[in-house]
Structures are given as C-alpha cells and as structure tokens.
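Student: If you read the protein sequences in the order shown, they are chains A and B.
Counting from 1, position 142 in the first sequence corresponds to residue 144 in this note's numbering; the numbering is continuous, with no gaps.
Counting from 1, position 36 in the second sequence corresponds to residue 103 in this note's numbering; the numbering is continuous, with no gaps.
Worth flagging that the hints you see were computed from the coordinates, not collected in a lab.
Owing to the predicted nature of the structure, the values given are computational and were not obtained by experimental measurement.
Ideal Cβ positions, reconstructed from N, Cα and C, are used throughout, including at glycine.
Hints may contain errors.
Stated by the list, open to error - If you want a taste of the chain B side facing chain A, the calculated C-beta under 8 Å gives, among others: (1) Cys103; (2) Leu119; (3) Lys121.
Next come the chains, spelled out residue by residue.
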Amino acid sequence: MSSKIKFISIFCFFVFCFFIFFQSLKESKKYTPKALMDKKIINFKMKQLDSDEIITEKDIFEINKITLLNIWSSWCLPCREEHKYLTELKMNTRLNMVGINYKDKKKNAQNFLSEFGNPYSLILVDDDGKNSINFGAYGVPETFIYNSKKKLIKKIVGPIDLKTFNEIKNILK
Amino acid sequence: MKKILILLIIMYPTISFSTENNKINKITKNLRCLICQGQSIYDSQSEFANSLKKIVEDKINENMTEKQIYKFLTDKYGEWILYEPKFNKNTYFLWLFPLAIFIFGGILIFKKKT
Numbered sequence: 003m004s005s006k007i008k009f010i011s012i013f014c015f016f017v018f019c020f021f022i023f024f025q026s027l028k029e030s031k032k033y034t035p036k037a038l039m040d041k042k043i044i045n046f047k048m049k050q051l052d053s054d055e056i057i058t059e060k061d062i063f064e065i066n067k068i069t070l071l072n073i074w075s076s077w078c079l080p081c082r083e084e085h086k087y088l089t090e091l092k093m094n095t096r097l098n099m100v101g102i103n104y105k106d107k108k109k110n111a112q113n114f115l116s117e118f119g120n121p122y123s124l125i126l127v128d129d130d131g132k133n134s135i136n137f138g139a140y141g142v143p144e145t146f147i148y149n150s151k152k153k154l155i156k157k158i159v160g161p162i163d164l165k166t167f168n169e170i171k172n173i174l175k
Numbered sequence: 068m069k070k071i072l073i074l075l076i077i078m079y080p081t082i083s084f085s086t087e088n089n090k091i092n093k094i095t096k097n098l099r100c101l102i103c104q105g106q107s108i109y110d111s112q113s114e115f116a117n118s119l120k121k122i123v124e125d126k127i128n129e130n131m132t133e134k135q136i137y138k139f140l141t142d143k144y145g146e147w148i149l150y151e152p153k154f155n156k157n158t159y160f161l162w163l164f165p166l167a168i169f170i171f172g173g174i175l176i177f178k179k180k181t
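Next comes chain A alone, as it looks inside the complex (with noise of 0.2 Å):
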C-alpha cells in the first residue's frame, strides 16, 4: 500500500513538472516590454546632427502631432530594411519624425541619409548610447511612438515590418 502511494507521489511529482516545462515551451521568448507604455516622455538633452544645438525634451513635439523617434545607425543593416518604410511614412502629414543616431559616425551617419533619404525631421545624437537606455531602449534599431499628449503609445524593438508599418499606419487614421 505503502509503495503505491511512493509511486502515485512520484507520478505526479513529474506529471507537475512536465507540465510547467510544457507550458514554458508555448510562452513567447520575445521579450515585448510593457514597462514604458503610457509613461510620459523622459527629460533629456541631445545635441543636433547637424549642428551643436541643444534639444531637449519639449523641442521635438508638433502641436496635434503624433511623434516617432527612431534610433538608428548606420553601422547597422535593420535599419537598412527598414528605411523604405519610414521613408513612406514622412508622407504623412499627421506624423513627425525624429531619429537618435545611435553610437554612429557624423560622416557615415551624414551619408547613409545622402544614399537614402532623410525622413526626419529634426536628428539628434547618442554617440555613448546613455540617452537610449533612458529611454528604454534595447538598441538598434528601435521606435517609439508617442501620442500629441507626449505619452508612449507604441513601442517597437527591431527594425519596421510590413506588420508593424501597417499598426503605426492604423494609428495615423
């Protein structure tokens, strides 16, 4: 009797365990961060690509504007890929976007937007790469979309896809 209830114990002892194993297997490794969402935007200075002018936090919102701040480099082949998308997106009238350069070269940084196109509207620099972790951010590339109330309202780690362009078209309608 005794031996029985050993083996039923044990039984469900790693019936217990294959099943919180299983479970894990289905959880998505992606890691989305709901950290920030909603959260206002942070106080922060950065200097101008093109020139040494300070901005800071209140410089870069449009009254009735949604923001997209994206980092990039131009070291960095996502955001390659995703450039057509943003390029598409500077048509919008609704949004305004700035980019971070991102740990990058002024010359490089100067003509990768010559080879491709510049979408931003205003270019701020992180060469250390501080300014992006207060942010929040992973690396690069990365976007971040805040509502004309300066509030994070979207937030994409990696480059812009055919998906993620069609959300951030939804939410300019």
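Got chain A; can you put chain B on it based on the hints?
Tutor: Positioned in the frame of chain A, the structure of chain B alone reads:
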C-alpha cells in the same frame, strides 16, 4: 607612523576607486543583458551592456543607492532585467518551495531516526 600615513594618503584614491568599482561589478552582475540573454551585463561586451555599465557608473557617482538603481532600471525594462527575482506574490512559490522541501526532508529524516 609617518610612513604609514603617507602610504595611506597615496593609496586613498586607489582604495576609493576600487570600492566604487566593486559596487559597479556587484550591480552589473545582477543585471541581465536583454539582447544577449544568458549573460549578465557584467559579462557582456555588447553595445547595450557597455552603455548600461556607463549608466550604472554615472548613477553611483550621483550617489544613488543600489536599490534606487534597480528601481530606475526596472521602471524602464521591467523586472526581467534583474537576475534575482523580487519577493512578491508572483514569486512566493519560487522562494518558499525549496525551503518547504528542505523542512519536509528534515521531518522525514527526524521521523526515521525516532
């Protein structure tokens, strides 16, 4: 006595530097590198990790405590960035289950002896 004093004065910057460095190492070892999972910020040489190390250094220089730095980072990246999970209702099981097993085992051994 004089010699020791001079030696201490000379060594003071290195002593204070190393304690600050220890603090940076301690904190960065408990931070998960989010883009190179399986490595801590301390171990990783990725762009993300290098910038985060600088941020931690800055925050220590701003006299932030370890707790405040963790709070600053979890506000941005969520609790996932910390290796050591916090003790809250989601992690009661995680923290208490090994303890429960330990006590259970102890009882078994104790019962067998008597």
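Student: So, for every hint listed, does it hold in this structure?
Tutor: Hints versus structure:
{"no.": "1", "hint": "Cys103", "result": "violated, 10 Å"}
{"no.": "2", "hint": "Leu119", "result": "holds, 6 Å"}
{"no.": "3", "hint": "Lys121", "result": "holds, 6 Å"}
In this structure, only the earlier hint numbered 1 is contradicted, and the remaining ones agree with it.
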